[in-house]
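Enquirer: Chains as they are written, first to last, in my numbering: chain Y, 1 to 567; chain A, 1 to 124; chain X, 1 to 376.
Watch out, some of these pointers could steer you wrong.
[Said to hold, decoys possible] Simulated crosslink set (BS3-like; lysine-lysine; CA at most 27 Å straight-line):
hint : chain 1 : residue 1 : chain 2 : residue 2
1    : X       : 190       : X       : 105
2    : A       : 18        : A       : 77
3    : X       : 199       : X       : 107
4    : Y       : 193       : A       : 77
5    : Y       : 193       : Y       : 65
6    : X       : 190       : X       : 107
7    : Y       : 347       : Y       : 23
8    : Y       : 232       : Y       : 242
9    : Y       : 496       : Y       : 26
10   : X       : 105       : A       : 77
11   : A       : 18        : X       : 107
12   : Y       : 242       : Y       : 283
13   : Y       : 347       : Y       : 9
14   : Y       : 193       : Y       : 9
15   : X       : 134       : Y       : 242
16   : Y       : 232       : X       : 134
17   : X       : 194       : X       : 105
18   : A       : 18        : X       : 105
Calculated from the structure, these hints are not laboratory results.
Here are the chains, one letter per residue:
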Amino acid sequence: MVDAVTRQKLFGTPEIHFLNCTKGWKSWAFTLDHKRIGIMYLIGVTIALFLAGIFALVLRSHLFKFDSKMLSDDMYNQMFTLHGAVMVFSFIIPSIPAALGNLVLPMMLGAKDVAFPRLNLASFYLWIIGTGCLLLAILSGRGLDTGWTFYTPYSIDTNTGVIYATFGAFVLGFSSIFTGLNFLVTVNTMRLKGQGWFKLPLFLWSLYATAIIQVLATPVLGITLLMLIAEKTMHIGIFDAKYGGDPVLFQHFFWFYSHPAVYIMILPAMGVISELISVYSQKRIFGYSFIAFSSVAIALLGFLVWGHHMFTSGQSQVVTLIFSAITFTVAIPSAVKVFNWLATLYKGSILLNTPMCYALSFIFLFGIGGLTGLFLGALSTDIHLHDTYFVVAHFHFVMVGGTLTALLGGLFHWWPKFFGRMYNDLLGRVGCFLVFSGFNLTFFPQFVMGSRGMPRRYASYDPEFLPFHQLSTIGAFVLGIGILISFIVLVYAAFKGPRCGSNPFRAASLEWQSSSPPDFHNFVHSPVLNDPYDFDSQVYDDELDTYISREFADPTKVPPRTEPVHH
Amino acid sequence: MSDHSENLPAFCHPASPKLLYAVFFALIFLTLLTVAVSALGPPMGMPRAFAFPIAMIFATMKAFLVCAFFMHMWWDKGFNILAFLSSLLFVSLFIGMTLMDTSHYQDTIEAFDVQQLTGVEIAE
Amino acid sequence: MAVADTHEIHDDHHHDHGEFIAHHFDGPEQQFDSGKLGIWLFLVTEILFFGGLFVAYTLYRSNHPEIFEQAHVFLNKYLGGLNTIVLLFSSLTMALGVRAAQLGKNKNCAVYVLITMVCAAVFLGVKAVEYSHKWDMGILVRSAFNLTYTHPAPVTSVGKWLHVSDYLVYISVIPTLLLVGFLVASLMGKLMEKNVFSKFMLGLSIMVGGYFLGVGVGLIFMDVAEGGANESHASIQTADQPLMLHAMTQETREDASHDENHDKTAESHPAADHVDGQAHHEEHAHAGGEAFSAHHPDPEKLSRNVGIFFSIYYCMTGLHAIHIIGGIVVLSWILWRSLLGQWRSDYFGPVDYVGLYWHLVDLIWIYLFPLLYLID
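Please build the complete structure, drawing on both the sequences and the hints.
Expert: Put into structure tokens, the structure is as follows:
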């Protein structure tokens with residue numbers, strides 16, 4: 001039992017916390033603190049998001065007219081390539097794991113830091129170097145026009161900055177490996193005493209599954225890009241048909257990494273949503289172990305389906321059939337998650353605040369994104385839809401509608417924890433509404449266009465597609481404004497928002513047992529282990545105006561438990 | 001196998017030097033045997049084509065010895081072994097699926113090369 | 001020993017030697033376990049990294065066995081075998097070094113680690129002999145592969161004096177500079193009475209000495225092998241036309257007759273349609289080498305495609321050599337800390353982790369040796 005003074009010390013807003021315990025740029029640049037590295041990552045990926053977002057808006061503006069002369073054809077190629085490469089390698093892959101994951105993961109384990117703090121900082125600097133190399137392709141004046149996939153033989157023949165960009169992606173790959181390796185080890189060896197695997201929040205299961213992919217798949221990207229660089233500089237004849245090489249082999253190499261990488265992009269988002277749905281329904285997550293194992297299943301199945309990117313590449317029919325069949329099985333663990341989220345919502349006491357609005361958007365958009373994936377996994381329809389806007393819309397529904405939405409939802413969820421200040425919920429929801437509607441306006445017409453045969457990556461198009469393209473362009477700007485508003489709301493809250501207590505949302509996972517913002521060492525006291533989905537373990541404290549664990553609460557005021565304790 | 005004296009912490013397993021030397025000589029023996037099979041041909045009238053599989057079997061035996069004793073896997077945690085073996089599983093998956101596919105379209109690649117030889121210009 | 005006692009000892013260490021335990025770990029065991037899992041996962045990434053090259057190797061070997069059969073005559077299996085033994089020995093000394101660190105015997109550890117580093121340098125010396133010999137013969141990656149390239153006489157004075165390839169002289173410039181630098185640094189350390197530093201630099205000089213030892217032994221092995229009947233095939237100077245091409249033309253002739261048979265079969269079954277022929281082709285492709293070369297009877301082209309083998313050879317052995325160099329760097333760090341006497345029974349993690357890395361480098365070579373040198 002603790003007295004009111006201690007309670008105030010543990011859960012009240014602290015004077016000294018991780019944000020202000022040391023000052024000066026060096027205290028950030030050389031920090032080993034996972035929370036500061038997470039925030040630096042967050043700033044980094046946000047810059048990448050806006051940069052690549054601007055590329056996207058330029059593309060959409062160009063496509064507003066069917067015979068647009070805004071960009072030259074060459075510039076158009078470079079623009080979509082850089083949009084894709086920066087978004088994939090510099091934004092989406094590190095977004096949730098490296099930014100949100102770094103902030104939250106050690107705290108969810110009750111640990112002081114990740115297992116290898118130096119490696120963590122190295123990962124961030126590699127991210128900077130890698131992104132710098134990607135952008136060097138523009139600064140070198142040659143640009144990059146291969147698409148983010150660097151397919152041979154074009155990437156070998158083109159004179160654009162393929163070597164800078166591939167080197168950048170190579171370095172970014174190592175950044176991603178280091179994060180994944182760190183997370184795997186941290187979850188394995190640094191759990192709180194007594195915290196078994198099935199007492200971990202589901203966000204950690206999804207980060208763990210993601211880390212498995214990062215460690216197992218990313219090295220293959222590394223060697224692929226090295227071989228591509230060797231092919232381009234020395235013509236080693238492995239990928240280049242002019243020298244007896246096999247260009248389709250490059251696609252095998254590339255997608256052996258990049259298909260699992262698609263799950264690096266979506267799995268952490270699913271973990272965020274599992275947390276959000278449960279907390280804001282104030283209801284135990286439905287089917288915990290199913291959601292947990294479905295993350296691992298998605299990670300492993302993700303390694304068996306890379307050939308579905310190559311149905312029309314000249315891949316043999318036998319292999320095509322096998323890949324198509326396995327592709328459908330990925331739908332099972334994905335659907336398991338969606339059904340469990342819906343079942344969690346059922347009869348929950350739902351709070352429709354900003355993070356929950358994002359979580360519900362996620363379910364809707366990911367549902368569409370996932371189901372259209374089945375169209376593309378089916379061989380016969382894929383022949384028709386391959387390389388059309390249908391594909392573009394499909395993966396944007398998953399990556400933007402899924403990952404970006406979950407990232408924003410997660411940021412709104414954990415923001416009060418890490419900055420100790422509350423955001424304006426109304427403006428947050430306005431931002432969410434704009435993101436959701438703008439997104440649908442942008443990409444839903446692309447499904448229609450794609451199924452009518454509008455090919456992707458074309459700088460001009462048939463006039464019959466004009467209304468769809470115009471709707472799409474308008475939607476893109478609405479989406480951009482929505483994202484901008486969301487970030488403004490967050491940044492304003494970080495500096496000027498009203499103070500909030502340690503656990504304003506009555507969440508039960510361990511990170512909410514620290515003060516807001518947390519101490520440099522994360523916890524002043526040893527956190528009390530409890531089930532992350534036992535919300536009854538948190539009770540309201542009127543002096544602090546926040547929720548705290550029963551163990552720390554004033555025993556005279558603690559209400560009786562409404563549900564039995566699970567073991 | 002390890003001489004575990006009382007004052008060492010639980011995670012410290014020094015391997016006995018005798019064991020390490022024995023493993024080393026086994027490795028050298030297998031290496032010499034591999035070279036001999038390659039230079040002189042497989043023993044007992046086996047066909048020449050067996051030399052390569054034999055070499056790979058010896059290599060795998062050597063790899064096992066190195067992993068188990070030099071790398072202390074024999075005494076290591078199950079999870080570390082699982083992690084290591086999973087990498088081999090994924091490499092073989094990669095090889096298997098790719099091999100199954102590429103063998104089907106080699107003719108196309110050959111045809112392309114022959115075209116080049118017969119004087120059809122291919123842009124540099 | 002009772003569990004409680006062990007726990008107390010751990011606590012004691014924790015307080016006595018706090019500098020070895022990072023602040024975020026509870027004790028030496030958690031730190032060790034984390035590091036160990038970390039290094040195993042790193043090895044997993046290394047295996048997948050090399051895995052890409054093994055995939056390329058397997059595909060080209062399975063789809064174009066004839067290229068590999070033609071290429072292997074250029075590889076000296078005795079040099080490869082020598083390097084295998086050197087690496088295996090270095091693995092032994094590494095394992096003994098780990099044991100010494102586990103028992104807190106820092107001096108023994110330093111000696112074993114130094115021997116490991118010397119072996120690594122010997123390996124690189126032998127590799128330098130192999131590479132320079134190949135470059136002399138025009139054996140390069142696919143686009144630069146040119147067997148008609150005439151073996152030039154050495155032009156550098158060192159090359160003329162020692163009768164070695166110019167390329168070998170060029171490669172050896174950096175080790176020579178390093179040797180001089182380390183010796184000077186060692187001497188300076190001695191004069192300034194920085195004993196540990198001086199010993200460390202002396203150790204590094206001995207290590208670089210290992211490179212020259214490797215070059216010497218490699219050259220002797222090369223001479224012996226060239227004298228033998230087996231390797232004379234590899235020398236392109238033996239005849240106007242490279243022997244290898246002779247062999248190929250012969251094989252091509254055989255294949256042509258093979259093809260005739262094939263045609264006859266087709267003729268005797270006039271009803272057999274194209275699909276059947278296709279199936280036949282595929283069957284052949286599966287059957288292996290001779291059948292496949294039937295599709296490209298051009299020996300010149302085959303000879304050029306031998307370059308693909310060497311592309312793969314250079315990628316694999318080059319990446320492996322980079323890992324050896326990386327190994328030398330991290331082993332130097334271990335040597336330095338051994339000289340400072342930092343290893344104890346409850347803190348030897350770094351030696352163990354570097355040891356695991358070093359064994360993996362050895363492990364990869366164990367496979368590279370039969371895959372690249374023992375093709376028959």
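Enquirer: A separate judgement is required for each hint: does it hold in the structure or not?
Expert: Here is how each hint holds up against the structure:
Straight-line distance between C-alpha atoms of residue 190 of chain X and residue 105 of chain X comes to about 24 Å, which keeps the hinted pair within the 27 Å bound. The straight-line distance between the Cα atoms of residue 18 of chain A and residue 77 of chain A is roughly 23 Å, inside the 27 Å bound, and the hint therefore holds. A hinted pair counts as satisfied when its Cα atoms are at most 27 Å apart, and residue 199 of chain X with residue 107 of chain X qualifies at roughly 12 Å. Using a Cα cut-off of 27 Å, the hinted pair residue 193 of chain Y and residue 77 of chain A holds, with the two alpha carbons roughly 19 Å apart.
For the proposed pair residue 193 of chain Y and residue 65 of chain Y, the alpha carbon gap of about 62 Å is over 27 Å, so the pair is violated. Straight-line distance between C-alpha atoms of residue 190 of chain X and residue 107 of chain X comes to about 19 Å, which keeps the hinted pair within the 27 Å bound. A threshold of 27 Å between alpha carbons decides the hint, and for residue 347 of chain Y with residue 23 of chain Y the separation of about 48 Å lies outside it, so the pair is violated. With a C-alpha separation of about 12 Å, the suggested pairing of residue 232 of chain Y with residue 242 of chain Y holds against the 27 Å cut-off.
For the hint linking residue 496 of chain Y to residue 26 of chain Y, the alpha-carbon distance of about 25 Å falls within 27 Å, and the restraint holds. For the hint pairing residue 105 of chain X with residue 77 of chain A, the CA-to-CA distance comes to about 25 Å; that is within 27 Å, so the pair holds. A threshold of 27 Å between alpha carbons decides the hint, and for residue 18 of chain A with residue 107 of chain X the separation of about 20 Å falls inside it, so the pair holds. For the hint pairing residue 242 of chain Y with residue 283 of chain Y, the CA-to-CA distance comes to about 61 Å; that exceeds 27 Å, so the pair is violated.
Between the alpha carbons of residue 347 of chain Y and residue 9 of chain Y the distance comes to roughly 37 Å, so the proposed pair goes past 27 Å and is violated. Of the pairs offered as hints, the one joining residue 193 of chain Y and residue 9 of chain Y holds, with about 24 Å between alpha carbons and a cut-off of 27 Å not exceeded. Proximity of residue 134 of chain X to residue 242 of chain Y is assessed by CA-CA distance (about 24 Å); at most 27 Å being required, the pair is judged to hold. Between residue 232 of chain Y and residue 134 of chain X, the direct Cα distance comes to roughly 22 Å. Compliance with the 27 Å bound is thereby established for this hinted pair.
Among the hinted pairs, residue 194 of chain X with residue 105 of chain X is consistent with the structure: their alpha-carbon atoms are about 22 Å apart, no more than 27 Å. For the hint linking residue 18 of chain A to residue 105 of chain X, the alpha-carbon distance of about 18 Å falls within 27 Å, and the restraint holds.
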